[in-house]
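**Q** The listed protein sequences correspond, in order, to chains A, B and C.
Counting from 1, position 153 in the first sequence corresponds to residue 315 in my numbering; the numbering is continuous, with no gaps.
Counting from 1, position 273 in the second sequence corresponds to residue 1595 in my numbering; the numbering is continuous, with no gaps.
Counting from 1, position 476 in the third sequence corresponds to residue 482 in my numbering; the numbering is continuous, with no gaps.
For the record, the hints were derived by calculation from the structure and aren't laboratory data.
Here a beta-carbon is modelled for each residue, glycine too, at the ideal position from N, C-alpha and C.
Careful, some of the hints might be misleading.
[What the hints assert, rightly or not] DSS-like, lysine-lysine: derived pairs with alpha carbons at most 27 Å apart:
| id | chain 1 | residue 1 | chain 2 | residue 2 |
| --- | --- | --- | --- | --- |
| 1 | C | K453 | C | K409 |
| 2 | C | K449 | B | K1579 |
| 3 | C | K80 | C | K158 |
| 4 | C | K356 | C | K409 |
| 5 | C | K409 | C | K394 |
| 6 | C | K449 | A | K290 |
[Claimed, not checked] Incomplete in silico selection of chain C near chain A, CB under 10 Å:
| id | residue |
| --- | --- |
| 7 | A24 |
| 8 | P39 |
| 9 | E117 |
| 10 | V205 |
| 11 | G257 |
| 12 | G494 |
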Amino acid sequence: MTTHTITITVNGEREQLDVPANMTLLQLLRERLALTGTKNGCEAGECGACTVLLDGEPVNSCMMLALEADGHEVTTVEGLARDGRLTLLQEAFIEHNAVQCGFCTPGMLISAHALLGRNRRPTEDEIKEALVGNLCRCTGYVRIIQAVRAAAERGGGR
Amino acid sequence: MLARPGLPRFDYVRAETPGEVVALLAERGEAARLLMGGTDLFPRMREGTARPALVIDVKHIPGMQEIAVDGQGWLTVGAAVTMNGLARHPRVRSDYPLLAEAAGMVASYQLRNRATVGGNMCNASPCADTTPATMVLEGRFVLVGPAGEREIAAVDFFRGPGLTALQRGEFLRAIRYPPPPQGAVGRYLKLGRNRLGDLAIVSVAVLGFADRTAPSGYRFRIALGAVAPVVVRAAAAEALLAGEPPGEEAFARAAEKAVEAASPIDDVRASAAYRLAMVRVLTLRGLREVFRGM
Amino acid sequence: MTRLTSDPVGKSVPRIDAVAKVTGAAMFTDDLPFGPGLLYARLVRSPHAHALIQRIDTSKALAMPGVKAVVTGKEVTALIGLYLVDRPIFAGERVRYVGEPVAGVVASSEEIAEEAARLVEVEYEPLPAVFDPFEAAQPGAPLLHPRLGEYKVANFIFPEPGTNISEHFKLRRGDVEAAWPRCAAIVEGEFRLPQIQHVPIEPHVAVALWEPSGQVTLWAASQSPFAQRDLLAQSLDIPHGNLRVISPYIGGGFGGKAGISMEACAVVLARAVMGRPVKLRMTREEEFVGTTVRQSLVARTKIGCDAEGNLLAMETAYYFGGGAYNDYGVNIVRAAGYSCTGPYYIPNVKGDSYCVYTNQPVGSAMRGFGMPEIHWGIEQIMDQLAEKIGMDPAEFRRRNCVKGGQTILTGMQMPRVDLVACIDRVTKAVNWGQKEPPSAPHKRRGKGIAIMWKAPAMPPNPGSSAIVRFNEDATVNVEIGAQDLGQGAFTVLAQIAAQALGVPGRVLRVGARLGAGGHQIQPLRVADRRQPHHLVDGQRGQGRSRGR
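Can you make the complete structure from the sequences, with help from the hints?
**A** Next comes the structure, spelled out in structure tokens:
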């Protein structure tokens, strides 16, 4: 099996790593970089618990090889808060009780964060569409959608 | 055997030119698989239904991720263009909105950032979302192989569920779309178990445009997805609409004709009977909406 | 002591773990760091629904570099079970469902463990299998547990050896045979439900460490660490004081992480590589076969009423598809049995609730614990009977729902309840009786009403306690046995503790228990208090039972 030297920037920090061809980006983040906020829920691109930003765009990290991230920027949930300050979106999730078991939360935040980056005032339908790939088994989604709305109203989650 | 955790072992190579791909495929044959978005390949590798010793990444060959319009108004979509890339491209949205609409309905936003148009086509599932639009837009597939480049019509590309016209050693480089007829309006309707995110139970793409060569003054192109071994054009329905003036009556009869073009199966998502009933409903809705926009 | 806070109980406060969850800092079992010494396990699972195991050859797996141990049912003969001890940890002489663990492989990486697992050779002799619980309950059905009579069983569960019936709850009230002729209308129906999987977003995962000293630690996504600890201690002969079950954050459970599904495998595999931690995690695909499910149900019910619409009689039989083994299953069946009338007053009742072995994944707890299953049929058949006598379904329920002071099917007198007021309020809120247009032309709008009751399925004297520890600086640790899997238990208990103690919430820490040695990762729910033992050996005897 081939091994590849890659350079990636994760949450603003540059890393150079040797990775086997069959390592997924999810495995790289969790097992090599100890960024366990991103979760493994299905390894099939269905549940979205593994969602990260690749150059600002949400992707399922279980559906990407680590080596495919070579030269790219990756943002995980750990990279959302800056200097210990939560984003408006994270605060809205807390305020609106959009978090229960918390396992889907990192993926939800990443997808919603990207949504607010490209659409400052999403409608409820647009929020739902953006979160189609993030499954939640606890909350029933209503409060998550409310939290995203509230964050948008307060200034776009940045 | 259940799917394994993670991916099995394989060698990875990034191809820089079409020639490289052709050579590698010739050398390794069945032991090699092409990597585009990976959203179909990786689940299969976990399941064990795909067991490549070599994975050839073709996304980075020049042009594979590009969308371009040439002097004659033809749209060339590189095979590795992602669904989101296609859906948000300004020229696609303005000139081929049907294609943008279809691409935007695939799976989830995350998957649309990796899943490619070409990969979706070569997977050749009868419920692929971009295929009905490609059929009514009469796209042409640009294939590269040992004998060089060749182009075939979309209708000739799909041979059966999971089967395409790709010969041994060939790969799909791009899909080319002719400029749509003047004033054409299109709609893609997709019925899933839920409103967003599911595979199609039934899908219908309708393209309508004024055409003086048709006795009715109009032509409609109708493609049905997920109701036959391949995506099919509802030829009899199209012929009817070319002959009869558009309106509720003609649309209703065309919808019946469309049902006759379908040969669905029972599966976990729906029964054949339900699918047939929905072909009629979606075709009718599609025709109405398209005509309203024309 | 002066109150420093103003009645936090009843206020809506942010969850105490919300920040950890939104920043990705919350550590779930698969996130816990165990260092480079961590080993990984993968299970070999049966491809057959029912088969005898003729031969297992683990030599090729053992020969693979990186493989530390391979364990089969030959080395581990212990049985495990909550109320009925019927389940081997690795299959013994036979497999009873597709997915049943037959062997476990421990290796230095998950990849190697998986490859080695695929090299374990198992020879099976397939047997006839049965999947429908009604069929499985009939004489002549393939027998899954020929040794049912030998299993240890709690004193309130009644299996029928020689059959596939692991629990038969029987209820008789009045005389249904005498009542049928007095009925003006009778309806009969069969209602079916398949097995249902919980699908928590976090797949099951467990890390076990068996130290040479005899100290055993299990880190697992667990809804009930104390119950798991007790089961493992009894099954594997681990002194309770030597066993800790540590449950960090849990990514949803819904009952599926309440009992034992794959955790016992992890512990047994850890014993085989003594001194090294072993991680076992399920893929999503494995979740559907290898963890527990809600039981399936075939309910056959007959009810009758007089001309005024008063229910006179009910005859009902529940055939729960319990799967190949029992976890919580038999207790669910029992709870369903003593609830079988639903919240109605019926003077004559013949009820039989069977837990039936089927060649399917293990049936166990899932939200509602039998109640959604039975009300699915009850509420439909009530509607059918109301229709037969031309009565409005809401009115039928007002007339027949159980009222305070009435004696219900178990002989218990109903305390003060006002279901009628509930029905009134609901029917008023939905404009019952008024047809309303649908929200879109291609839709239809209908109105229905259902009432239900929930059996506690617990003994009348369950234990629930907390240990409150004041630290040197007057901060407080509140250690509890409950588990927070997202429903907010810790937050609420912090509010209660703050109010009871009169201290601000910020000085409270709920749930954390600093054990002696081992990993101290906050917050943890650690089950290492002694728990009374309740199972009896073979005969019926005294004993407290555990339920949910």
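**Q** For every hint, state whether the structure bears it out.
**A** Now for the hints, and whether the structure bears them out:
1. K453(C) / K409(C): 24 Å, holds
2. K449(C) / K1579(B): Distance ~25 Å between K449(C) and K1579(B) Cα, so the pair holds.
3. K80(C) / K158(C): 21 Å, holds
4. K356(C) / K409(C): Holds, because 21 Å separates the two Cα atoms, which is no more than 27 Å.
5. K409(C) / K394(C): Measuring from Cα to Cα gives roughly 24 Å; hence the hint holds.
6. K449(C) / K290(A): 22 Å, holds
7. A24: 4 Å, holds
8. P39: 7 Å, holds
9. E117: 8 Å, holds
10. V205: Where the cut-off is 10 Å and the nearest Cβ of chain A is about 6 Å from V205(C), the hint holds.
11. G257: Because about 3 Å separates G257(C) from the closest Cβ in chain A, which is inside the 10 Å limit, the hint holds.
12. G494: 8 Å, holds
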